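**Q** Single-letter residue listing:
There are 4 protein chains.
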Amino acid sequence: MGKKDYLKDEIKHIDIKSFDSTEIIESMSDMSFTARETAKAAELLNMMISDKDCTIILCIAGSSSAGGCMQVYVDMVRHNMVDVIVATGASIVDMDFFEALGFKHYKGSSQVDDRKLREVFIDRIYDTYIDEEQLQICDETIRKIADDLGTGVYSSREFIREMGRYLVSEAKKSDSLIQAAYEKGVPIFCPAFSDSSAGFGLVKHQVENPESHVSIDSVKDLRELTSIKIKSEITGLFMVGGGVPKNIAQDTVVCAEVLGHSVSMHKYAVQITVADVRDGGCSGSTLKEAASWGKVDTGHEQMVYAEASSVLPLMVSYVYHKADWQKRVQRQWSKIFEPLLQGKVEGI
Amino acid sequence: MGKKDYLKDEIKHIDIKSFDSTEIIESMSDMSFTARETAKAAELLNMMISDKDCTIILCIAGSSSAGGCMQVYVDMVRHNMVDVIVATGASIVDMDFFEALGFKHYKGSSQVDDRKLREVFIDRIYDTYIDEEQLQICDETIRKIADDLGTGVYSSREFIREMGRYLVSEAKKSDSLIQAAYEKGVPIFCPAFSDSSAGFGLVKHQVENPESHVSIDSVKDLRELTSIKIKSEITGLFMVGGGVPKNIAQDTVVCAEVLGHSVSMHKYAVQITVADVRDGGCSGSTLKEAASWGKVDTGHEQMVYAEASSVLPLMVSYVYHKADWQKRVQRQWSKIFEPLLQGKVEGI
Amino acid sequence: MGKKDYLKDEIKHIDIKSFDSTEIIESMSDMSFTARETAKAAELLNMMISDKDCTIILCIAGSSSAGGCMQVYVDMVRHNMVDVIVATGASIVDMDFFEALGFKHYKGSSQVDDRKLREVFIDRIYDTYIDEEQLQICDETIRKIADDLGTGVYSSREFIREMGRYLVSEAKKSDSLIQAAYEKGVPIFCPAFSDSSAGFGLVKHQVENPESHVSIDSVKDLRELTSIKIKSEITGLFMVGGGVPKNIAQDTVVCAEVLGHSVSMHKYAVQITVADVRDGGCSGSTLKEAASWGKVDTGHEQMVYAEASSVLPLMVSYVYHKADWQKRVQRQWSKIFEPLLQGKVEGI
Amino acid sequence: MGKKDYLKDEIKHIDIKSFDSTEIIESMSDMSFTARETAKAAELLNMMISDKDCTIILCIAGSSSAGGCMQVYVDMVRHNMVDVIVATGASIVDMDFFEALGFKHYKGSSQVDDRKLREVFIDRIYDTYIDEEQLQICDETIRKIADDLGTGVYSSREFIREMGRYLVSEAKKSDSLIQAAYEKGVPIFCPAFSDSSAGFGLVKHQVENPESHVSIDSVKDLRELTSIKIKSEITGLFMVGGGVPKNIAQDTVVCAEVLGHSVSMHKYAVQITVADVRDGGCSGSTLKEAASWGKVDTGHEQMVYAEASSVLPLMVSYVYHKADWQKRVQRQWSKIFEPLLQGKVEGI
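Chains as they are written, first to last, in the numbering used here: chain A, 1 to 348; chain B, 1 to 348; chain C, 1 to 348; chain D, 1 to 348.
Source of the hints: derived by calculation from the structure; they are not laboratory data.
Source: prediction; values computed, not measured.
Below 25 Å or equal to it, Euclidean Cα-Cα: the simulated SDA-like pairs (lysine to any residue) are: (1) Lys-116/B - Gly-299/D; (2) Lys-288/A - Val-120/B; (3) Lys-3/D - Gln-111/A; (4) Lys-8/D - Gln-302/B; (5) Lys-116/D - Ile-234/C; (6) Lys-40/B - Gln-111/A; (7) Lys-288/C - Glu-133/D; (8) Lys-335/B - Ser-212/A; (9) Lys-184/C - Asn-46/C; (10) Lys-288/C - Ser-109/D; (11) Lys-3/C - Val-258/D; (12) Lys-288/A - Asp-113/C; (13) Lys-116/D - Ser-109/A; (14) Lys-17/D - Glu-23/B; (15) Lys-144/A - Ser-262/B; (16) Lys-288/D - Asp-113/C; (17) Lys-322/A - Asp-15/C; (18) Lys-40/D - Asp-15/B; (19) Lys-231/D - Glu-211/C; (20) Lys-288/A - Lys-104/B; (21) Lys-327/A - Ser-18/A; (22) Lys-288/C - His-261/C; (23) Lys-40/A - Asp-113/C; (24) Lys-17/A - Glu-26/C; (25) Lys-335/A - His-79/A; (26) Lys-144/B - Glu-132/B; (27) Lys-288/B - Gln-134/A; (28) Lys-12/B - Asp-20/D; (29) Lys-327/B - Glu-43/B; (30) Lys-8/D - Thr-22/B; (31) Lys-322/A - Glu-26/C.
Covered stretches of chain A, going by a simulated chain C footprint (3 or more residues, C-beta under 8 Å): (32) 34-41; (33) 65-75.
Glycine included, every Cβ here is placed at the ideal spot set by N, Cα and C.
Modelling step: build the complete structure from the supplied sequences, incorporating the hints.
**A** Right under this line is the structure:
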């Protein structure tokens, strides 16, 4: 089989506006187990949206973007359900930016001989395929953006903002998360930015420009994210997967305190995950455990133990059709960083 | 209950030298399921050690260090089983550095009211407790090290090396992983360094020194790690947990290729994890899946689906008593970075 | 807190007729991970329904009936999507029969002190409560039915048929699965019938009637179930959970062969489960593994790794609204057993 | 590949007497997560053994016997650590009786084309293979035992006792669990006995003897098991896997109460499982949840979330070498059933 034989059926991202899950979610709220968790989580997301003082931080880890939820996130940004995004590099660069450049994910099989995929340069994400040669173009585009940016030490947010600016003129697919966030003033943070296709492009940029180049300072990420926490006061976390995004978004409460600011814990928190709680890892740790750390309030929290593709669309469709987001004021947190010189963070 | 009532029983780190698991591992190799996986993984680790050309990269994510495996890692370094470490910030700073400063983890319960823990400033890691006030001293120590380091853009490896230097004179517990690695020339990378207690100290350092300060460049981490891959040629991954360490260590193969170096895939790979494969996340993805990406060779790989505390000590005790590590030459990869000026990476 | 304080919010069983999941399932078929599994499984269920020669065997293990899916199963029977049911005793007696007698399940919490529940005789099923005193009435009703039935050795199917007959006149809630199946000629098998509330009633019946009483012969269950397999030829399995129902329904293929009948493997198979594959247990074993045993054909099988409450309603709503079940002829397998004397099984 | 190519490497059952895990278990008791759970569970098993009034009920579900733990169970019986066994039919018939007849399990791969296995009649249990033609001999032997037994309604215990008697003269491998239990007076119950290779043999027996034959009454199983609970007063459960054995062993407390006997809850309970708690199924339900049902005391219970092959040998080796079992008096519960006519159960 050649590459084309594997890459035939495109992943199509679910459109949560095209169906109304209200009846389903409301029914689920009177059931048990994952159904009730899902309904409670959807209600909590809507509570965050209805709380006019609440900044909503969307955390994304894992491969839900590749697997058909990419448009869900875009719709959340476009419809004012999200104010800040903290994500893995893969979600933002390898998946979202990749599709913005015109490339696609494909339906595949988890029961395949990976050596055969290797021969034709197809990369596998469980039951999903991508063309590795297209991913290299993604790396290369990152390199070019870095070359054009000018020497300096940047937060990942600053760099991703440049990626948004690039897409405004160059995108093949205009409805990417990066571009939507750029246009709506929603900052995107990838605190482990190099751990992605971006890393390859940036390393190449640095090697080719050994004396003066772009650096990505993850301390600055935490600093900027914490400054939003300090300014916002009331915050809610909507987390798909765990990993670094979950941990660092929660950490902003503690970081603010370290800086001498008395801030409240995250008032709302939802996490969708399949991670196990029992190894003590952050990804699967309960939000009650986070309460012991002083990070998350216990009043409004819900874990949903499910693979995101099966429950996230139901939850966001419900919230979309509730339409409380229409009354929300856009926060545009990106603006607080704009007047500043590089290296400074407003507020802290 | 007061804080002292919760913090009574210290976690004691298992000493894999004090018992010999050879008989158990050999028996397990003739069983099925997790037992056979465990035995195969132990054999693969010993194969890496016996392959005189192989650089062994230990990847650590999750809370195994807090949960009693800290000395396992130290023993691996002290007995020449590991050449490079890639870890989460929490493993290195919140757990290892924390204990090096004289603090402890304590046996707790996962069935506890977290609000009560909050009242007495105890942080919970599943069934394990720590004193949050001691953790703040850890943050503060990081800040001091940053203050002393001098303005610049550093890799996490460079900063952790400074932490090692600090511990040589200041450690309360001399047998920390950071100090052992410092003394043995084993570089430690935390590509998401700010996602830890270190982040708090470093943010405070930057806020107090807004014009000129320490930055941690995660691109430089990937650059340095890739330079080791390029120089080493043959490599093996021994991964406890997944997350950023697993992904970025695997990525060095691709990164080397992006830089125009033709390197081989990781020849050996072992991962211990409880992560689920079915959400497409990197943490739970099989090593066969990594083969489709051209990162891991399919010849010598083994996933062990288990919580690390129950199998890791058996595996390393087996390898320790095999004693093939005694014939291994120390690689001391730290040395390749030493003569260089900050900002340059040797070799690439 | 008294019992009434715990038993306030009733579980309401989801009505898959009240919403149309077609758009969602069709969208999910172009996604990845659990979403695509769910869509494929829904399509397979519809294929079974559209195959006019196919007998559909619904297998139920776990607590989905208690947790809000009870009406889903009733609707499947009422709308001709199911010809045979194989279930755990708990699903049929403790949950379905229990509600038929007028009792309810209640929304509870998984984070509760079970000793307090014990004090007020509330039994917990993860986040769901029931009144133990009501369950005792359920036991007692089983005893009465046994007392009235007359001495003999019965299959669980025969006994459950008597329960259906009882409910026709005595049910408080007429739309139970037992009664619907009774009325539609759908046999229900519980091969581990004593492992439920029924067991308590039947043991009491036997102890009170030591010389001559009702016995439940699980060999007869397998015999009867196999006779359906032999007569039906083409069969499909729709399995919620694993356990004994999954195993014994699969076993009918082998059992038919042992009896000298050459039958085909189950042509279609779907399983929804959260069970792990890696311990070699039947509950989590893949349907491909079942193919090695000659039980399930590999052409049309789908595992869905999810907790049933979150995906089952979507799947069955889709199939309901496809309406292919309207063209299906009722099989009424119960009838083949009716003219027979106790102890004989028609056909084998 | 022919059948012989697949069936080359025999599973060898681990001998917990050949190594001493005391040091490991004691170290694990000072760690966290699964390690500490394992150590606590081992200590609880030893507490049961040291409690001179405690009857120990070993429950076995899943494939641990096939996967290399078969001798662990035999050693528990031979060394007086177990008084009653409740198991799945597969564990007792397809695995233990199968090997007693001289057949073997083989090391295989979970990554295999099951259609190829089908062609050569090899059955797969995750990564383990057996010869289906040998399994048919197992079925056939059950049929012969049934033919010889004489018409009647038996508990599974009674039938398995006949299997033990058969093995005394006919076994190819004398150290089977069935034979050891037979010789030591340890009753074995399989409340879903037909759900195994035994089912095939028994169905054939019934079909060939339609008028008068052996029936297996699962009510009688629960009745007999409950009579032991009533007589024993203090009981401990040691459960590997969940399923019917876990549920029905727990149920004896309630069943005794239904019969008007006031008995105590199971005083000790340990379960090793990989089952998920969140679907409300019995297999994964916590022992605290069982406390709400009045089945298990909360004082001495421990869940171990692990695949049994990796932790069970460590636990039992520890208990073996503690040697407290040497002081234990054999209970020989089988004897209470011996003087009785078929159909009666002593005591209730």
